[in-house]
Amino acid sequence: MRIFFLAALLAVGSKTYAQEQTGQSQVVKSQQQQVVEEVKAHEIELSVRSKGTGRYLKRAEVKVGKEVYYTKPDGKVIIKIPPQGKGQVLVQRFAYEKEFVSYEKLRAFSAADVFLSPATPGDNEVYIRGNKRPDVSRKSFAGTEAARATASGDPAQVTKTLPGVQTSTFGNDIAIRGSGPNDSQYFIDNFVVFDVFHSIGGISVLPDQLIDEVDFYAGGFGPQYGNATGGVIILRTKNEVPEYPKTEFRINLPFYSALYHERPIDDASFVATSFRYSYLQYVLPYFIPKDAGATVVPYFGDIHTLYHKNYESDGYFKLLAMGSQDGLEAVFNYEDAASSEGKSTIDIYQGFATLGAERYKPLGSGWSLTMSPQIYYNRADNEIFDDKLKWDFLVYRAHTEFKKKLSKKEFIYLGLDPGYATFSTDIVIPAPTDDPFFDFEEAPRKVSKRRRDFGYASAWAAVDKQLGSLILTPGLRYYYDGYLKKTNVVDPRLAGRYEFSDDQKLKAAFGLYSKAPEGYESDSIFGNPDLNYEKSVHYVLGLESRWNEKWETDLQLYYKRIFDKVVSDRETAYSNDGSARSKGVELFIRRNLTDRAFGWLSYTYSQTEERNNDSESWRSAEFDQTHVAVLTGSYRLTATWDFGSKLKYQTGNTYTPISDSVYNATLDKYQPRFDSDDVNSKRLPDYHQIDLFFTKDSLFNTWKMSYRFGVQYLAFTKQVYSRSYNYDYSKEEDFSALPPIPFVEVRGVL
Amino acid sequence: MRYVSWGVVLISLFGCNESSDRFEQVLSLRALGIAADTFVAIPNSTVNLTIHAAVPKDNDVTAEVYQDAQSLYAILVPDLELVDSGSYTEYDNFRHYQLAARFVVPDEDGLRALGWDGSSALLRYGVSLSAAGRTEKVVGDLALDTADSDAAAIAWTTPSISSVEPAVGTTLGKGSEIDLKAVVEVGDDTYKYGWFVSGGEIDNRRSLDTKWKLDDKSKQNLILTVRGKVSKAFSIEVFEYDAQ
Numbered sequence: 096m097r098i099f100f101l102a103a104l105l106a107v108g109s110k111t112y113a114q115e116q117t118g119q120s121q122v123v124k125s126q127q128q129q130v131v132e133e134v135k136a137h138e139i140e141l142s143v144r145s146k147g148t149g150r151y152l153k154r155a156e157v158k159v160g161k162e163v164y165y166t167k168p169d170g171k172v173i174i175k176i177p178p179q180g181k182g183q184v185l186v187q188r189f190a191y192e193k194e195f196v197s198y199e200k201l202r203a204f205s206a207a208d209v210f211l212s213p214a215t216p217g218d219n220e221v222y223i224r225g226n227k228r229p230d231v232s233r234k235s236f237a238g239t240e241a242a243r244a245t246a247s248g249d250p251a252q253v254t255k256t257l258p259g260v261q262t263s264t265f266g267n268d269i270a271i272r273g274s275g276p277n278d279s280q281y282f283i284d285n286f287v288v289f290d291v292f293h294s295i296g297g298i299s300v301l302p303d304q305l306i307d308e309v310d311f312y313a314g315g316f317g318p319q320y321g322n323a324t325g326g327v328i329i330l331r332t333k334n335e336v337p338e339y340p341k342t343e344f345r346i347n348l349p350f351y352s353a354l355y356h357e358r359p360i361d362d363a364s365f366v367a368t369s370f371r372y373s374y375l376q377y378v379l380p381y382f383i384p385k386d387a388g389a390t391v392v393p394y395f396g397d398i399h400t401l402y403h404k405n406y407e408s409d410g411y412f413k414l415l416a417m418g419s420q421d422g423l424e425a426v427f428n429y430e431d432a433a434s435s436e437g438k439s440t441i442d443i444y445q446g447f448a449t450l451g452a453e454r455y456k457p458l459g460s461g462w463s464l465t466m467s468p469q470i471y472y473n474r475a476d477n478e479i480f481d482d483k484l485k486w487d488f489l490v491y492r493a494h495t496e497f498k499k500k501l502s503k504k505e506f507i508y509l510g511l512d513p514g515y516a517t518f519s520t521d522i523v524i525p526a527p528t529d530d531p532f533f534d535f536e537e538a539p540r541k542v543s544k545r546r547r548d549f550g551y552a553s554a555w556a557a558v559d560k561q562l563g564s565l566i567l568t569p570g571l572r573y574y575y576d577g578y579l580k581k582t583n584v585v586d587p588r589l590a591g592r593y594e595f596s597d598d599q600k601l602k603a604a605f606g607l608y609s610k611a612p613e614g615y616e617s618d619s620i621f622g623n624p625d626l627n628y629e630k631s632v633h634y635v636l637g638l639e640s641r642w643n644e645k646w647e648t649d650l651q652l653y654y655k656r657i658f659d660k661v662v663s664d665r666e667t668a669y670s671n672d673g674s675a676r677s678k679g680v681e682l683f684i685r686r687n688l689t690d691r692a693f694g695w696l697s698y699t700y701s702q703t704e705e706r707n708n709d710s711e712s713w714r715s716a717e718f719d720q721t722h723v724a725v726l727t728g729s730y731r732l733t734a735t736w737d738f739g740s741k742l743k744y745q746t747g748n749t750y751t752p753i754s755d756s757v758y759n760a761t762l763d764k765y766q767p768r769f770d771s772d773d774v775n776s777k778r779l780p781d782y783h784q785i786d787l788f789f790t791k792d793s794l795f796n797t798w799k800m801s802y803r804f805g806v807q808y809l810a811f812t813k814q815v816y817s818r819s820y821n822y823d824y825s826k827e828e829d830f831s832a833l834p835p836i837p838f839v840e841v842r843g844v845l
Numbered sequence: 088m089r090y091v092s093w094g095v096v097l098i099s100l101f102g103c104n105e106s107s108d109r110f111e112q113v114l115s116l117r118a119l120g121i122a123a124d125t126f127v128a129i130p131n132s133t134v135n136l137t138i139h140a141a142v143p144k145d146n147d148v149t150a151e152v153y154q155d156a157q158s159l160y161a162i163l164v165p166d167l168e169l170v171d172s173g174s175y176t177e178y179d180n181f182r183h184y185q186l187a188a189r190f191v192v193p194d195e196d197g198l199r200a201l202g203w204d205g206s207s208a209l210l211r212y213g214v215s216l217s218a219a220g221r222t223e224k225v226v227g228d229l230a231l232d233t234a235d236s237d238a239a240a241i242a243w244t245t246p247s248i249s250s251v252e253p254a255v256g257t258t259l260g261k262g263s264e265i266d267l268k269a270v271v272e273v274g275d276d277t278y279k280y281g282w283f284v285s286g287g288e289i290d291n292r293r294s295l296d297t298k299w300k301l302d303d304k305s306k307q308n309l310i311l312t313v314r315g316k317v318s319k320a321f322s323i324e325v326f327e328y329d330a331q
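Protein sequence lines correspond, in order, to chains A and B.
With my numbering applied, the first sequence corresponds to residues 96 to 845, in that order.
With my numbering applied, the second sequence corresponds to residues 88 to 331, in that order.
Bear in mind the hints are in silico, worked out from the structure with no lab data behind them.
Accuracy of the hints is not assured; some may be wrong.
Among the chain A residues that face chain B by a calculated CB cut under 7 Å, a handful are [unchecked claim]:
no., residue
1, Tyr758
2, Ala760
3, Thr761
Quantities reported herein were computed from a predicted structural model and do not represent experimental measurements.
Ideal Cβ positions, reconstructed from N, Cα and C, are used throughout, including at glycine.
Please construct the entire structure, taking both the sequences and the accompanying hints into account.
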């Protein structure tokens, strides 16, 4: 492929040879000779640039015969070439292919650009991740690394490949160490969002160009995070000032188009903006069978603006404004909720907007301050069959943390996160139940239209204390939630790391993790206002090893007990009577990022059980996947070809077998019946999935086209998502997976 | 507050489900509906029910009382009585079975002992029908309220099926697809319609205006049921056609 990139690219300079006959020879010779050579020497200003971006390259080496020149910081150098005869100028630089340009070509110009093609990267330079606050179960990924590791190029997707994570076979739900999808917290920087994934398409709400890093905590995290019994996912926005403006447009088939632009404002600040919108709604109708009698219009979009400024020795400031929306409009024939015309309709809209500012400032004497005030607005407007679920949720937050450096490895953390929320609802929905075959058509309706204003706050304190090779981090987190009757909770937590050496660390954590019930669960109309916080105790023991610069492993054992778990209750709608427990072993083998290759193998063995009250026996939980193994990686074949893959295997999901059915004459439908001892007692066949994808760059002088293509959901055998049944539940069959889905994405980067 | 996973909705609508059973095809014992002689059960009142089913020719139905213990929302009727063993109306492709049953609504104390809180609720009754090697457990609900309640004062009406197209007596084409329409006199309720056929396929069995792709039988039967979503009112008509 390199033949494409070895072609010499020579741009025309603006000045003529005749106008440039003023150069002076640097060689001292006889005056006569000197005069001759001054006439003969051809002086030319050479600009050495990177092909594909047009970026000027400093310290590039330019050889003219025995003379050696180097480009200045602006990428330019003035060279002299013989006015007659044949020869070549050699231009070379580390990480680029050599380029030869003939004297004949250069003599025609007084200024010229030489574009160097990137060389096939080496595999020796390992990217080092910066030191962070010690946390037992955190995994961090550079945005570029994470983007290369996933078929969609979406860095946030890596969280679904990590130890401790169980995912549904279809959809975006993530269960972390036995805790459900709603039991984890999601952030963009220090700004809270209710989810980092779009409901349609599953991509993250932040484009990959804006993601600098992805942090994932499987549990045992410090007191800086709360209101979660599961894990924490954080997308961190970029903070490096780009050298040049960049504009990128993207067409992703079959999902969306995107436009991104970033530009430096000065040496210390930049602004980036992005807009994405789906066209799935225009594509999908061609794939829906005409006899399905259905129209389906899913859509999503998001918009972002990021401003970042670094202050010399005075921290940074960033401002993020973003909005995101997802929607689905559908009309179709559906037995259960048909109108008098025999049609059912769904009209779903959910979106959020947030404006957040973050200021990090060193205060002196080892103290620093990070303030992250945020306004967050979340809106839902859902009409599902004859029901509606609408809300407006407005939150003002003022996340603030002080940090004091005591020594190289010792810190004090003090944080406060006060907030004030306005929550308006307009709801008609079926009464809640945990029944696995809950029939929304049959359920009585709950109706509410109200507004609640309430304040909440959390505060935390932690200290890293070094005792020889041991670093202990005791901490406390306090919660106040004005939405609940029982408002005050304190979570004590303790983490420790024992460093056998720089490369071998034994780590452990245990602590209490509380989570407030969902708003609808503690609502006085829908739920139970007497609900208390859900509680969880995490125990984690791990061994982190760095075998060499490229290879690391992390082995962890965990046990988690969840109590006061919110479950549905026939008398009170919801109660804190539920409990769950989860235990497992996780192995993470990581090949660190180099310019050429990286990847990881994650394996999780776990058991998760739950029960609705203490008198019940334990049963497998919905997300109990005994074995989950993911092998993912990327390899740069050449400077412009990249290959990535993901292989995933997981134990089949649990499901509740149907033992009988009744014909409900009032509803004209059959309803399944099950044995209460059989809840989640059966499993679907084990699931596996293979994603293969390539990236190809076509380099032009000052811009490039990137093509990302591949196929997802490849499998050796037909995969099963769930069970399906005939109309009276007398026959059971596989609800099979979608066929492999090819995708193509074209990016133009200017 | 979290986002729902809408992909699951989509895939459930258009996923690769290989089921070929058709709800509307009456090929074995099939329950069709239950009519009650009242719209609201009042404590101490008697409620009379008629259970409708279709049964293959030359088969008799045996019936017994059934209690649906997994009912999530309704109070179970404690003492349902089957009045007789049922009667049959003969059609070319099946027998229309009608079974009379009744129950006395307990008094308020008795209802409270069953879990009633004195407000609007549902009563659930059930029978088990068996014929030709198949058993259908049939349940139904009826509104429960006090005599002086607003619910008891509503003057619900039972819908009536005025006409159907193709009209009875029309000769249909075997294997053809025909337009199917019905006119129903309804009251102040929302209604759920349900077509059943002796063979072939209904395009949308919940619509009064749909299509019927016939099979190759020379005698075709069509059943239309109408249910009031709130009143629980129920009507049923059976139609018979020749096909060539």
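Verification of the hints:
no.	hint	in the structure
1	Tyr758	4 Å, holds
2	Ala760	4 Å, holds
3	Thr761	5 Å, holds
Checked against the numbered hints listed earlier, the structure breaks none of them; every hint is satisfied.
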